[in-house]
Amino acid sequence: MRTRTKSRIVGVLGVLVALIAAFIALAWRSAIDPVRPPGSFDRQLVERGAQLEAIGDCNTCHTAPGGRSYAGGRGIRTPFGTVYSTNITPDYATGLGSWSEQAFVRAMREGVDREGRHLYPVFPYDHFNLARDEDLHALYAFLMTRDPVSASAPGNDLMFPLGFRPLLAGWKLVFLHRRQFQEQASQSAEWNRGAYLAEGIGHCGACHTPRNALGAVRRDKPFAGGQAEGWDAPALDASSTAPLSWTRERLIAYLQNVVFPGQGIPAGPMLPVAHNLAIVPDADVKAIATYIASVAGAPFEARERRAADVLARVKRDEESPPSASPPAAQPLDGDDRDSAAAGAQIYAASCALCHGAGRGIGSGNAMHLAQSTSISLPSPTNLIHIIEDGVRPRPGERGRWMPAFRGSFTDAQLGNLLTYLRGEFGPSAPWHDVQRDVRKVRHEGNHE
Amino acid sequence: MIRLQVNGQARDVDVDGATPLLYVLRDHLRLNGPKFGCGLGQCGACTVLLGREPVFSCITPVSVVAGRAVRTVEGLGTSDNPGPMQRAFIEEQAAQCGYCIAGMMMRAQGLLEQNPSPSSMQVRQYMSANLCRCGTHMRILRAIDRAGALMRETGTKGKTT
Numbered sequence: 001m002r003t004r005t006k007s008r009i010v011g012v013l014g015v016l017v018a019l020i021a022a023f024i025a026l027a028w029r030s031a032i033d034p035v036r037p038p039g040s041f042d043r044q045l046v047e048r049g050a051q052l053e054a055i056g057d058c059n060t061c062h063t064a065p066g067g068r069s070y071a072g073g074r075g076i077r078t079p080f081g082t083v084y085s086t087n088i089t090p091d092y093a094t095g096l097g098s099w100s101e102q103a104f105v106r107a108m109r110e111g112v113d114r115e116g117r118h119l120y121p122v123f124p125y126d127h128f129n130l131a132r133d134e135d136l137h138a139l140y141a142f143l144m145t146r147d148p149v150s151a152s153a154p155g156n157d158l159m160f161p162l163g164f165r166p167l168l169a170g171w172k173l174v175f176l177h178r179r180q181f182q183e184q185a186s187q188s189a190e191w192n193r194g195a196y197l198a199e200g201i202g203h204c205g206a207c208h209t210p211r212n213a214l215g216a217v218r219r220d221k222p223f224a225g226g227q228a229e230g231w232d233a234p235a236l237d238a239s240s241t242a243p244l245s246w247t248r249e250r251l252i253a254y255l256q257n258v259v260f261p262g263q264g265i266p267a268g269p270m271l272p273v274a275h276n277l278a279i280v281p282d283a284d285v286k287a288i289a290t291y292i293a294s295v296a297g298a299p300f301e302a303r304e305r306r307a308a309d310v311l312a313r314v315k316r317d318e319e320s321p322p323s324a325s326p327p328a329a330q331p332l333d334g335d336d337r338d339s340a341a342a343g344a345q346i347y348a349a350s351c352a353l354c355h356g357a358g359r360g361i362g363s364g365n366a367m368h369l370a371q372s373t374s375i376s377l378p379s380p381t382n383l384i385h386i387i388e389d390g391v392r393p394r395p396g397e398r399g400r401w402m403p404a405f406r407g408s409f410t411d412a413q414l415g416n417l418l419t420y421l422r423g424e425f426g427p428s429a430p431w432h433d434v435q436r437d438v439r440k441v442r443h444e445g446n447h448e
Numbered sequence: 449m450i451r452l453q454v455n456g457q458a459r460d461v462d463v464d465g466a467t468p469l470l471y472v473l474r475d476h477l478r479l480n481g482p483k484f485g486c487g488l489g490q491c492g493a494c495t496v497l498l499g500r501e502p503v504f505s506c507i508t509p510v511s512v513v514a515g516r517a518v519r520t521v522e523g524l525g526t527s528d529n530p531g532p533m534q535r536a537f538i539e540e541q542a543a544q545c546g547y548c549i550a551g552m553m554m555r556a557q558g559l560l561e562q563n564p565s566p567s568s569m570q571v572r573q574y575m576s577a578n579l580c581r582c583g584t585h586m587r588i589l590r591a592i593d594r595a596g597a598l599m600r601e602t603g604t605k606g607k608t609t
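As given, the protein sequences belong to chains B and S, one line each in that order.
Under the working numbering, the very last position in the first sequence is 448; numbers go up by exactly one each time.
Under the working numbering, the very last position in the second sequence is 609; numbers go up by exactly one each time.
The following block holds chain B by itself, in its conformation from the complex (with noise of 0.2 Å):
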């Protein structure tokens, strides 16, 4: 072998030796040891904790429907497949009961498990990295305390090569940065609570801002919008198309899931997260709040108007209630008047009962759909789960009801109403293809 070829071979050996050691060296982590963690905490420090993962939603994604609390098992599907949530009840063998609390904490901020896994961001660590250490020992303190469950999470359901975990090292390095809460002077301490709840523990920004082709959150556009578990979660941020504004006031109702004259009730994902609000401090859901609605920037001409002219509408159906199917408001053209027109029966027949102004006791009060954000949403997603789903409260409370009209209308049936609550209802701009989303809602197993 000629010298020039033999060190061209060892100079690319050596090179792809070194890429080989250094991806070894980002992606490695160390096992931290195996300890048994006390068995109580302080019970205030306990108490604490279980605000924060009120505030954090842990039960909802670490419990699979009819499961055991915090057990895991649920699965969370991604565009890149299904990723199981894992047992955190402190129970030795299959959960959290060999974690110290400095894995704990590494979990939660780095995303890295006990015995140096990385672990998928669909476990938000890139929002939850912002807690402060008291936060995480409340949280640690209280996630150990509760009843230990033996279960093991099913194997995740990802697209090769994802299932090779040192694989995140890589996408850390580029979307994962250390974080540390910085204050607002110049905002409220009311405000700067809701920010630190909101973009950490709180992890708003995971579903409601627009993630890029490789997952992660697009930092450049907080808020603008984005996608959970086949919802769409409507943008926060001056582009948001909400009828009326999200006061601090409407939000801290919402939240809660306390009615509120003018708007809806939460439903989809937001119905475990308002449910765990409710059980939170005021002081906190009002910090939220406060910093939710600051996120929709200062009021502007344009969203004033549409605001004034929606009010104005609902307190003129209020005094002389319209006929029960009015006709459709904006001019349409062909196939859409014609599906329009059939939509307003259905309207009438369906939805007046209770949606209709001038409706009677019993009625339950329901919205007028001139105020629905899902109505004016980008897409009639959300709305379609509404409709098929209804909605109700949690089994043996009391809440607001909707019936589900699964099963009622065809494909053809429920476009067309689609298209007349929208031309009725909402924005100018038409819905485009509302046939595609009623496929993808009914028939791609995006139900809840």
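No wet-lab data here; the hints were simulated from the structure.
One-sided and incomplete, this derived list gives chain S residues near chain B with beta-carbon spacing under 7 Å:
| no. | residue |
| --- | --- |
| 1 | 465 |
| 2 | 466 |
| 3 | 488 |
| 4 | 489 |
| 5 | 498 |
| 6 | 501 |
| 7 | 503 |
| 8 | 504 |
| 9 | 507 |
| 10 | 508 |
| 11 | 509 |
| 12 | 512 |
What the simulated footprint calls covered on chain B by chain S, stretch by stretch (three residues with Cβ under 8 Å from a Cβ of chain S suffice, anywhere in the stretch; the number is not a length):
| no. | segment |
| --- | --- |
| 13 | 343-350 |
| 14 | 402-409 |
For every residue, glycine included, the Cβ atom is placed at its ideal position computed from N, Cα and C.
With chain B fixed as given, assemble chain S onto it according to the hints.
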């Protein structure tokens, strides 16, 4: 004129398309099984099966059911020849005033056709859309269990259509 498929038979009715299916079934087709309870889709007394799914006939305009299979309790069997659901409800004496019962039976029929061996929790969750003011819930639940057993035993869902 709207052509309906009700309990396996084609029936033509001359009504406005916005008429609730419940009224058409009772007033035009003389099928008095489904009842008017609230007219708002909140009580379930009007429940019928549309295809495989239970729906509230009081808030379903007849125009949307044209050509689709509608089933009422009359379609589950007759007094002389009751189907498994009806036998179970009779054997468990699940009716007190009886007003909710037809709706209960139709929703339960829908459940058992889709899930022949539901758990107790699944039955309760599924049936929660139907109310009973007399409080015969426990008998109704036993009747549904019994109907499921009968259907599994005989290998039939008891559909007459």
